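Spelled out, the chains give:
Number of protein chains: 2
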Amino acid sequence: MRKVFRDVVTIDEARNLLFNHFTPKRAVETVPLHLAVGRVLAKDVYALTDVPPFDRATMDGYAVRAEDTFTAEEDNPVILKVTGVIEAGKKPEIEVNRGEAAEIATGAMMPKGANAVVMVEYTRKRRDEIEVFKPVSPGENVMYAGSDIMAGELIAREGSKLTHREIGVMAACGIKEVEVYRKPRVAVISTGNELVSPGEKLVEGKIYDVNSYSLAAAVEENGGEAILIGIARDDEAEMRRMIDKALREADIVMTSGSTSAGAGDVMYRILDEFNPGVIVHGIAIKPGKPAIIAVSDSKPIFGLPGYPTSAMTVFEVMVAPVIREMAGISESEMTRLKARLALKVFSAEGRREFLPVNVVEGAEGYSAYPVSGSYSGAVTAFAFTDGFVEIPENVVMLEEGEEVEIRLFSQLRPADLMIIGSHCVGVDILLSILREKKPYMSKVINVGSTGGILAVKRGEADIAGTHLLDESGVYNEPIIRKYGLRNVLLVKGYLREQGLIVARGNPKRIRGFEDLLREDVTFINRNRGSGTRILTDMYLKEVAEKRGVSFQELIASIKGYTVEAKTHTSVAVAVASGKADVGVGIKSVAVNYGLDFIPLRSEEYDFLIRKGRMEKEAVRDFLDCLTSEEFASRLQKVDGLEVYDRTGEVVEIE
Amino acid sequence: MRKVFRDVVTIDEARNLLFNHFTPKRAVETVPLHLAVGRVLAKDVYALTDVPPFDRATMDGYAVRAEDTFTAEEDNPVILKVTGVIEAGKKPEIEVNRGEAAEIATGAMMPKGANAVVMVEYTRKRRDEIEVFKPVSPGENVMYAGSDIMAGELIAREGSKLTHREIGVMAACGIKEVEVYRKPRVAVISTGNELVSPGEKLVEGKIYDVNSYSLAAAVEENGGEAILIGIARDDEAEMRRMIDKALREADIVMTSGSTSAGAGDVMYRILDEFNPGVIVHGIAIKPGKPAIIAVSDSKPIFGLPGYPTSAMTVFEVMVAPVIREMAGISESEMTRLKARLALKVFSAEGRREFLPVNVVEGAEGYSAYPVSGSYSGAVTAFAFTDGFVEIPENVVMLEEGEEVEIRLFSQLRPADLMIIGSHCVGVDILLSILREKKPYMSKVINVGSTGGILAVKRGEADIAGTHLLDESGVYNEPIIRKYGLRNVLLVKGYLREQGLIVARGNPKRIRGFEDLLREDVTFINRNRGSGTRILTDMYLKEVAEKRGVSFQELIASIKGYTVEAKTHTSVAVAVASGKADVGVGIKSVAVNYGLDFIPLRSEEYDFLIRKGRMEKEAVRDFLDCLTSEEFASRLQKVDGLEVYDRTGEVVEIE
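Residue numbers (this note's numbering), protein chains in the order written: chain U, 105 to 758; chain S, 105 to 758.
It should be emphasised that the hints constitute simulated quantities derived from the structure, not laboratory data.
Any given hint could turn out to be false.
Repeated chains share a single entry, so a pair holds when one copy, or any two copies, can fit it.
Claimed, not checked - SDA-like mimics (lysine to any residue), calculated; alpha carbons at most 20 Å apart, straight line:
| # | residue 1 | residue 2 |
| --- | --- | --- |
| 1 | Lys147 | Ser536 |
| 2 | Lys663 | Arg613 |
| 3 | Lys216 | Gly682 |
| 4 | Lys194 | Asp700 |
| 5 | Lys195 | Gly309 |
| 6 | Lys541 | Pro425 |
| 7 | Lys683 | Tyr665 |
| 8 | Lys442 | Gly469 |
| 9 | Lys280 | Ala736 |
| 10 | Lys238 | Leu332 |
| 11 | Lys542 | Gly263 |
Here the structure is a predicted model, which means the values were calculated and not measured.
Bound conformation, chain U alone (with noise of 0.2 Å):
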């Protein structure tokens, strides 16, 4: 048998086995204050001055005493002699004795004797005298020294993540650098002969190295500074040499990849070297198990996994709150989120898993969709992932509906628009012409049009977009009515041709449906609930029926049926590109990319929103766009998009 994880720890054990080793140390460094914005503060920051340092005008006026204007009266003035004039920035030279005033500019100090300010609007200037028409009080229009910040007061506490405000303050104090902790300086390595980097020639059999990017920015993300090392080799010297670069340079380091068993236990041959080496080899955790912490002459080592979800999940659980911990910044930074489970979930019994979610919000709060494909190696599980559920280690499955917390890797920001729906280039056009006019945040998620219309549903959706042909042989209305919407609006939107997308000049000579039963044809398929997906299938029934076969067999001899592409641009490259011979997409698209297109017919694209979401701004302005002629002269370059006389109507489902 094969060597296995044998001291497999939770990740509680293995916090205390990496603490028992490894103390996280803060360094400090002093930065210009005019650079310190974002930065967290290494001490208590004191005033070391009085604000304002001496008594100070207010207003533009005269410096007066008080007691003078006490009889001042609109229509019986008191006459005071000026004496002179002070500007801001000078030490005034003048006394201001009973009787006098002295003309004083705001924020300028107030001459000895005097003890209030009459704004310049009450007074009227003859000569060397002024008429003051309202008295003041003691101290009007004056702010005393010490008033605003007393020499010896806490301006700004350590721990502190520095913004305007507290800059602000430390100026008014006279400071001019300031000491934050210094970024904690982590080492990033990706290990693996199959890797190169990204920008360079992709030869057979090797990948894009995913993590030693995706660690990097979660590194920037958590306050620390990352430190590419590159991409070792198989070779354990060569990774020894990388390793060793990286503790001499950095704080902390990071490697993935070679953690596995599988893997003949390379890294963690290389990591036991080390001073006092590996202390734990395997987590339970899922996914990410095989990782492993080390530590040399008291800085960690992280060996993570290599698949990338896995490579962030162990990351985000065991490596983030060290870099946190180093750069002094609160464990509140990380954001939870009370959310309902979309779908049942089952879980591995005595690992704690982190379930990777989308999360989207809906008309009762947010929804957390699993995301799939995170443990075999899909890097596209990121892409959609906000954050995780932590599922604790006896708990086998959560219910749909169940309210989970998820921790979210970076701040959620709502999107102002929600698109979840069918994919098309109309909608790239429309958005792109909505982003011209402001610079709205939107979410696009291409789930065809059945997916949009459940999300719509769910009230998690603003918009989707639609196109589902019913047997009736109207489009959209009869779908939706037929899975119980209520209380939405179908507009009308646009009219788009589709057809077989085939190679240029057509060298397999493709007519129709009944030639994707030919042995020398390969077919593209679109994902299932797409409406052209489902146009597809009511084409092969129909060849079905007139073969006198059923429709399961009919598929079953199409090479490629079970290939989906996601969107229309996908079924294009695919037939540009050789690896299939025809698929259904709309005509844009194949003109795009120079491929023949055989026509089938023009349907109905439609969006669908919740009446409540006409509220929303943005959704508005989205429903402008598609009304206004620069969308109809756009859409009109685009071969097979047309608007017509029904864009922009308004069907009501009550």
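With chain U fixed as given, assemble chain S onto it according to the hints.
The following block gives chain S in isolation, referenced to the frame of chain U:
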């Protein structure tokens, strides 16, 4: 009469005027992928390759033809001939035929002929053959080319702020650099003869420049790059030179100061020399009315008022949206929050008011406390301002308890621990022990004992430090009951010695409160509501009684009675610097500043906590620190503070 703002315009008019002469444009720059975190994507990014780029094994094991394994059983294995080994990163040289298998590593490319991988755990190796104990279906443990990302798919959308997620996906597609929006460059100039830069010596009449630093920090917070040009004296030629320099280096220019009519319209005259020159002169906004907007050859110049809060308000309302637009940052980044107004507020009719508020989380949601001092040039208004409430032009009053929407200056992070109440060195020690334990984010607002009790009553404080003596001679408990608090705990803290703080050697020979009445003695008082102030007034009432005068008469003859320091430290600094001869405070502070101390009495400094707050980990940890040996020993080193037999004792108040 002097010049007034004749053409004051509303905020919307100001925006329209600005955008008639200036169109914000976004510049694009290319950055390496590993430096792109936090930047805003300038173009939609499409995948140029499939991910994975080939069919890939997702497990260590043997690549087989699934059909060959269909009859495999635990006790009746299928035997296959092993024809070679396929490593990750290499193109397989072999093909798998019927009855054959190839050893394959996770991530390696599938060989021709094979369509599934048997996990190594379900096999046994015997020389050049393997036994397979479990069947696999076609595609099992294989990740197909393009199944994660298909070439042609949109992987990141223009306008996205890049996180480790998008960066990981782009790396997977081999993208090594990305086009992002260049941060708009914003030049910052302060004007005024009275300004000196922090770090320089402050001669009489001068103050430190706040706006350069707070505005530069705010520029960075809004996605811009700040360029500090410096301080321009009130000299037209110098101002013009600096603005010319700023226009050469930046996309947007900001000045502050010299905008009001009182400054002789200097800034107006200078800015009007550009082409087209001044387009807005005065905005109906409070604070910030005397703001100028000019344009020079399609670059905007904002002339902000000089008062820090006014400058920041005009920045937030007029400048920040332009910076964010040019940086490609979505509007929704500006966080909004609903809160109830803690006090009644009057507003100016005809001007839109931006009321600075401090936000505190209470039992029933958020409370907004208007920040005082914001219109008088106080910079502490900054330190306590979390954001502002926009009050429309036609509203003259908002009721206490009214719901308002707050625009937050920066992301509001609720503190882990909110301590509102009396200031004490002992609390600082407790917090420093607590921070060494865990990196809690604590917020401390020193408002005196009474303010602390009220904050606990309203649910805004987790903990209030209090030392209020009742006429009965009992500390804290009777007064808390008098304020009607229920379901609270009074945790007994420590003893602290209060006394008179006088200069070293007591040159004025002060013996007691009687001496405060002397002509040659200047007193420094504490703020109303503080326990020390109440103690002071109790002693002074005794003096008044003895002398047969009223309390009011007595205090009228004390020099400095109306000058209120907010902390013990401030009192000590005032005495040490000679601004006052005597104040009331705790011994530790006096000793710290090398001052003499005349003991009055030992008081009981306790902590008031709502019962419900004991659920918070930070509160429990704080109380653990109170009874810890470390606290006792560190307190012992502070003169006049000591734990005693009641420290940690809990008094329930039902």
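How do Lys663 and Arg613 come out at 20 Å by Cα distance, when the copy is not named: within, between, both, or neither? Only inside one copy: Lys663 and Arg613 sit 17 Å apart there, 105 Å across copies, limit 20 Å.
Reference check for the pair Lys194 and Asp700, CA-CA at most 20 Å: within, between, both, or neither? neither (81 Å within a copy, 36 Å between copies)
Copy assignment of Lys216 with Gly682, given that the CA separation must stay at most 20 Å: Answer is between: at 18 Å across copies they meet the 20 Å cutoff, but 91 Å inside does not.
Between copies, within a copy, both or neither: which fits Lys280 and Ala736 at Cα up to 20 Å? Answer is neither: 57 Å inside a copy and 37 Å across each miss the 20 Å cutoff.
Are the CA atoms of Lys541 and Pro425 at most 20 Å apart within a copy, between copies, both, or neither? between (41 Å within a copy, 14 Å between copies)
Alpha-carbon proximity context of Lys542 and Gly263, limit 20 Å: between (37 Å within a copy, 11 Å between copies)
20 Å Cα threshold - placement of Ser536 relative to Lys147: between (47 Å within a copy, 11 Å between copies)
Checking Lys442 and Gly469: alpha-carbon separation at most 20 Å within a copy, between copies, both or neither? both (8 Å within a copy, 17 Å between copies)
Taking 20 Å as the upper bound on the Cα-Cα distance, should Lys195 and Gly309 be classified as within, between, both, or neither? Between copies only: 5 Å across chains, 78 Å inside a chain, cut-off 20 Å.
Intra/inter-copy verdict for Lys683 and Tyr665 if alpha-carbon distance must be at most 20 Å: within (13 Å within a copy, 89 Å between copies)
One pair to classify: Lys238 and Leu332, alpha carbons no more than 20 Å apart. Within, between, both, or neither? So Lys238 and Leu332 fail the 20 Å test inside a copy (71 Å) and across (43 Å) alike.
Checked against the numbered hints above, the structure breaks hints 4, 9 and 10 and satisfies the rest.
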